[in-house]
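Protein chains in written order, with UniProt numbering: chain D, 1 to 471; chain P, 1 to 471; chain R, 1 to 471.
For the record, the hints were derived by calculation from the structure and aren't laboratory data.
Check each hint, because a few of them may be wrong.
All copies of an identical chain are treated as equivalent in the list; a pair is satisfied when it fits inside any one copy or across any two copies.
Quick list of in silico lysine-lysine cross-link-like pairs, DSS-like style, CA-CA up to 30 Å [unchecked claim]:
| # | residue 1 | residue 2 |
| --- | --- | --- |
| 1 | Lys160 | Lys467 |
| 2 | Lys470 | Lys78 |
| 3 | Lys78 | Lys466 |
| 4 | Lys78 | Lys451 |
| 5 | Lys347 | Lys90 |
| 6 | Lys78 | Lys215 |
| 7 | Lys470 | Lys90 |
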Amino acid sequence: MDVGNGFLHPDRLFPADPATRSIARELYESVSALPIVSPHGHTEPAWFADDRPFEDAASLLVIPDHYLFRMLHSVGVKLDDLGVPRLDGKPVSSGRAIWRTFAAHYHLFRGTPSSLWVDHAMSAVLGCEEPLTPENADALYDHINAQLALPEFRPRALHKRFGIETIATTEGALDQLPHHRKMAEDGWIGRVRTTYRPDGVTDPDAVGFRENLVKLGELTGCDVASWDGLIDAHRKRRAYFRQFGATATDHGVPTAFTADLPHSDKQRLLDRAHRGTLEAGEAELFRGQMLTEMAGLSAEDGMVMQIHAGSRRNTDRELFQTRGPNMGADIPTPTDWVGGLSALLAKYGHAPGLRVLLFTLDETTYARELAPMAGHWPCLMIGPPWWFHDSPAGIRRYLDQVVETAGFANMAGFNDDTRALLSIPARHDVWRREVCGFLATLAAEHRISRKDAAIAAADLSYGNAKKAYKL
Amino acid sequence: MDVGNGFLHPDRLFPADPATRSIARELYESVSALPIVSPHGHTEPAWFADDRPFEDAASLLVIPDHYLFRMLHSVGVKLDDLGVPRLDGKPVSSGRAIWRTFAAHYHLFRGTPSSLWVDHAMSAVLGCEEPLTPENADALYDHINAQLALPEFRPRALHKRFGIETIATTEGALDQLPHHRKMAEDGWIGRVRTTYRPDGVTDPDAVGFRENLVKLGELTGCDVASWDGLIDAHRKRRAYFRQFGATATDHGVPTAFTADLPHSDKQRLLDRAHRGTLEAGEAELFRGQMLTEMAGLSAEDGMVMQIHAGSRRNTDRELFQTRGPNMGADIPTPTDWVGGLSALLAKYGHAPGLRVLLFTLDETTYARELAPMAGHWPCLMIGPPWWFHDSPAGIRRYLDQVVETAGFANMAGFNDDTRALLSIPARHDVWRREVCGFLATLAAEHRISRKDAAIAAADLSYGNAKKAYKL
Amino acid sequence: MDVGNGFLHPDRLFPADPATRSIARELYESVSALPIVSPHGHTEPAWFADDRPFEDAASLLVIPDHYLFRMLHSVGVKLDDLGVPRLDGKPVSSGRAIWRTFAAHYHLFRGTPSSLWVDHAMSAVLGCEEPLTPENADALYDHINAQLALPEFRPRALHKRFGIETIATTEGALDQLPHHRKMAEDGWIGRVRTTYRPDGVTDPDAVGFRENLVKLGELTGCDVASWDGLIDAHRKRRAYFRQFGATATDHGVPTAFTADLPHSDKQRLLDRAHRGTLEAGEAELFRGQMLTEMAGLSAEDGMVMQIHAGSRRNTDRELFQTRGPNMGADIPTPTDWVGGLSALLAKYGHAPGLRVLLFTLDETTYARELAPMAGHWPCLMIGPPWWFHDSPAGIRRYLDQVVETAGFANMAGFNDDTRALLSIPARHDVWRREVCGFLATLAAEHRISRKDAAIAAADLSYGNAKKAYKL
């Protein structure tokens, strides 16, 4: 990764104390050029498969970025004016109009990570020479669009320019992976890989769940009416995903609850799931049992299991009904990791080769639950700060609360977890800078040696992610 | 606000790093003289209405300040010796005796915000030349009392000297606002204004709740035996409060729970409330339904709704029985904002013009719930750190956890929330200094520009509070 | 305490800012030589009673330290290879083999408190001249063993060399205290003292609980079939423990729940406890009632009551079955202090002379519950950061969240709480350095005077612990 600083200050995010800053700078110089390992995220595989130019600044930078439009929505900007699509198909703003609205409110991102990401993308990646303002909005819009038309701004060129060693996309269990198949033909698997995310067939509350189950049976030829058949269907799909570079699965769940039921109870649950007659609490039980099954399959096939728990999805009913999911109204909730994972760990906690990465939105669990758990169980590692907590202060709180009890070796490095391709260098850069700032403070306080700090900086920037995801 | 530093160090609370401190100082100079906007608090309206001199140092500074007497009580000082009134009317200490007891233990406030506030009030406001000690207790007591007898220490003179642009008091729904009526005659409404706090008629656990309901009916001529009549009674009282400058309501609730029941259920609840036959859990349901109703009225009349949730009141039964409420034994509890507000937000979350300010005593909700919620819902803003968290470290934790996800624009500026008039400049000063220290760190770390930091400093010190409360 | 720095940097843990560091250094110089008061811990009384030489480096430093072996276990090192005993008696590694395994993985403790403690013990106490590496493992093993054979490394010599004024061990209610009896003969009681920890007879979930109850009756001659007899048995055992210097009791409980049941309910619970027929929830009720009873006895006999709440013990079932308890799989859980203690406080909260020290593993309760509670109730004080939180960052979070609301006077100083004798100076040293760093920051920010900072540093390093434990 070496895209430069653009108009951003080269010392940004480093601690203000001069001696500490100087250590941070030195550490950063030793890691800033390391390749990007991006083992979890939500970029579009079609980008890398088709390598078509991006359309325009608004559709690339604004429309898909829920960090941006949620904040503007919160101060009263209409989502229509930001081009966020409606389910009823009524027209919304596009192109330059969106961009002007965005520019008119860009000052609202002062002090937020979005401004760091957008400023970095616009300057270091897209070559804008000053931050966005209402005055320069039109000029920058034209400049960016002109850039995007150039060959060096096509997805594969950016992949190379960003120094991405490997990037994982995320696909559902029913996805036939057409884009990854194309990439396989082009020799791009490895540079891009998929991730198995079966929520659509493991969560009874998912839209289309029953139909999805049926499709899963059709796709695999397994009898998904029987529990064993269902698990076997997963086994087959996981194998298929591994053909396209997948080393990991991902599970987005409202809670960390896991279950370990007798076989007959599992079958009864499945019967009701097929009939749509699950009772209150049984969807949770089904999800919890499926997490345990997925751990069993991971122990079997070696795929790394990611658990993203604790988001209360779609809390704005009206918004969900008019525009669908992922619109910025997903809010974190408290998460009970100790109680939640107890069934899974009792069953598979000592399975050789099992690796489970835990991602939380409840920061109170960093020091109280996740670090103590990861500091004991060989199968557990802690994922990096997630979503709202992937920010300078969020990373500081994470390092402050995790490192002492979990140790560096139980941390899974960094994930950018983004849909916004151009923010990838910025996000890894913020992480690396924060890691170097943290380690510089430890070194300045004589808690670790400079040499050890450099090792830890490289591990957290690059090595740990590769090891954690078995890359 | 420009009352000087007294014997306090002019750089107090600024970060120690010299470069950062220098930015903080510069930012502070740009905001220190801005007027005080105090949109929520508990000063006595009689002070400003009658403008009588304060009695003496003990009754002004010690007796009404639960921050002070609770701490002394915790180390074994008798509340009688601090002049805290008893319900049985038995005599307690007064005047100089209280003051000497206070002075003998004043060192216990080392490191607490109380020492910052008291030192500031005694030096910058009252002209004492050194901090309180057992040795100078008598001399300072005489000095302060002599000051209080001067015209420039009367409430209205202090209001002016403190640079208060507007201050809100808080009155119950049944209050006829005699002091505000007098202020209206004197042209003081606006400089002072009331706030509608209907807990006495919305909380079935409130002392005298059933009688209060009856009084509310008498006062408004509404039929409070019917749910619609009850709501109409509130509508009338709110209109009356608005005549005396109220732009906001305030709701002190044990939890953030809200409800949205069918009309028949609401009426049934009200029937039981009148008869005193609410069953377990129904008081919570009544309170939760009333919060939703209040949001509906706010959407209708534009009054800003404040929710102060999460204090477990009167946890010391013996103390409550001997001295009543607000005696320092109210302890915070965990608060579920996402689940709690879901009914209210589902019903009124998109009502145009609705504004709800959220105050929490559960700091774990800053980054996990409040900032994400305020960063999405147009109607929600986050109130400043409340009560125990209105302190230097409390403000730092708040800024650290709120800003990145909520953005400055979703923050309601500062409230002093105090009963202690003389602490008002100190409290705003601590907030402004902490805000400047926080912004100076962002600037020193090149996360925002100096210019943007200055804008944010002014907004958080002054502008945001005015906007949040529609002043 | 004055064991030197060994190869550790003399400024370790002090804030990096030069002016702040200089204050911290000055404060530290004023407290570093104060005696160690260690009122709670888990060293072996036999060490001080028998004063035999320690065996070897592995059995002294590695095998008993669950901080060390849990972390190595978490990255896949076999517990057998670390010499952790098995319940089935099969052989495990010993001596030099353990040490080599430890050395091969010692780099994993980078950034954890364990490296601070081990480095300090090895260098400042044992005279090693460089940190442990795989290369120097053998040489250091021989060096340490040679040291341990010298008279000045026997337990009583170390007790003196460490400057321990008094150290408390912890014994169960049924313990006849043979080692303390021996120490009484030698005039060592006071230098070492016991602590009454009755969990084995107050917790129905304890291993051997019913037999323990019977033994308690035999030992005391009390009729433990009756509730009053049971309490009387405790009364007698507490008196016995006090003969051997005990000033405190200790209670390890999964939650902070307390109960205050009518006498008949208590007797019914006890009847069922004896018969082993307690129903779901009744073990918790029994524990909660016993906590209240213990508070009553403390109010009567003046023993300081310690409550260590919130560890979910033995969460790794397989590990528990093969190696027993205290193997690193105890994980913290959320703790409700306000609700939990309400019964105890309602009954005994105002009992003169009662003192209850609260220890939490749930850091969210520092500012939300513990500091507000300790800042009100005369009987409550807050214990120091416990277990995973006894670390540099853990101490910083504690001070940051506790001091402002509780004040220094409601804090119980420091406990090392350790089984690892040689880590005692290191642990107190880390605490003192962190306290001085914290106070230096307050002073550098002009929030307290240098003089007050020095007083607080001495209180937190030494004076508060003595006062809190009535020593």
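Structure-based check of all given hints:
1. Taking the shortest Cα distances, Lys160 and Lys467 sit within 30 Å of each other inside one copy (22 Å), while across copies they are farther apart (48 Å).
2. Taking CA atoms no more than 30 Å apart as the test, Lys470 paired with Lys78 passes between copies only; the shortest distance there is 21 Å, against 44 Å inside one copy.
3. Taking the closest pair of Cα atoms, Lys78 and Lys466 come within 30 Å of each other only across two copies (24 Å); inside a single copy the shortest separation is 42 Å, beyond that limit.
4. Taking CA atoms no more than 30 Å apart as the test, Lys78 paired with Lys451 passes between copies only; the shortest distance there is 28 Å, against 52 Å inside one copy.
5. Within a single copy, Lys347 and Lys90 get their C-alpha atoms only as close as 51 Å, which misses the 30 Å cut-off; across copies the closest is 24 Å, which meets it.
6. When the C-alpha separation of Lys78 and Lys215 is checked against a cutoff of 30 Å, the pair qualifies neither within a copy, at 38 Å, nor between copies, at 44 Å.
7. Taking CA atoms no more than 30 Å apart as the test, Lys470 paired with Lys90 passes in neither setting, with 45 Å inside one copy and 34 Å between copies.
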